Amino acid sequence: MNRALPVVRLRVPTDEDAVAWHRAFAHPDVMEFHGGRAAELFVYEELTARQRRHDAERGYCLWTVLDESGQVIGFTGAQPWEREWGPTGEVEIGWRLGREHWGKGYVTAAARMTLERVRAAGVPSVVAMVDARNERSIAVTRRLGMRLAEVFTTPRKQQGHCYRLAL
0 MNRALPVVRL RVPTDEDAVA WHRAFAHPDV MEFHGGRAAE LFVYEELTAR
50 QRRHDAERGY CLWTVLDESG QVIGFTGAQP WEREWGPTGE VEIGWRLGRE
100 HWGKGYVTAA ARMTLERVRA AGVPSVVAMV DARNERSIAV TRRLGMRLAE
150 VFTTPRKQQG HCYRLAL
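Residues 0 to 166 (numbering that gives the first Met the number 0) are what the sequence shown spells out, left to right.
Don't take every hint at face value.
Listed below are the simulated DMTMM-like cross-link pairs for lysine to aspartate or glutamate, each with C-alpha atoms no more than 20 Å apart in a straight line [to be verified]:
(1) Lys156 to Asp130
(2) Lys156 to Asp66
(3) Lys103 to Asp66
These are computed hints drawn from the structure, not numbers from a lab. Quick caveat, the model's predicted, so the values are computed rather than measured.
Turn these sequences into a full structure, and let the hints guide you.
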C-alpha cells in the first residue's frame, strides 16, 4: 500500500539548527549506527557552518528538514564521500531524524527532494552508505529506487552496504 508522503521543507542549515539537531539526535536509537550517542553541540555548530559553505559552493549540502508546522526534525542531503575507504569522491546522500518522527514518511519525502536537488546541481549519480543492520535506512534506499552495489567492512569492522542510483 502506498500512502501519501507528508509535506516537508528543506533549508540550508542556520546557526540555530545546530542546537535543534543536537537536541533531535540526543535519543540513543537515533545514534545507534552513528557511534551510540549524539555529538557535542560544537560538532553540530561546525557541521551546520560547513553545510552552508557546501551549499554555496556545490549547490547541495545536508539540509535541515522541517515538518508541516515548520519544526526542525532532522537533516537530509548530500556530500562528497571523503573517507579513504568506500566510494571516495562520489556523492553520498543521507538522512537523520529525531526519534519521534520515525515511521511517518518524512525521510522518504525529504530524500526524494534531495535527489531532485542534486540532479539539478548536475550530479550524475549518488550512493548511500548504510550499516547492514540498519533496516529502516535500507528500506528508504529501496523506496528511492537505489540498488545494492557493494557489501563492505568498515574500519570499525562493521558490515556495511553501498547503494547506488543513477540520476
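Hint-by-hint comparison with the structure:
| no. | hint | in the structure |
| --- | --- | --- |
| 1 | Lys156 to Asp130 | holds, 11 Å |
| 2 | Lys156 to Asp66 | violated, 36 Å |
| 3 | Lys103 to Asp66 | holds, 11 Å |
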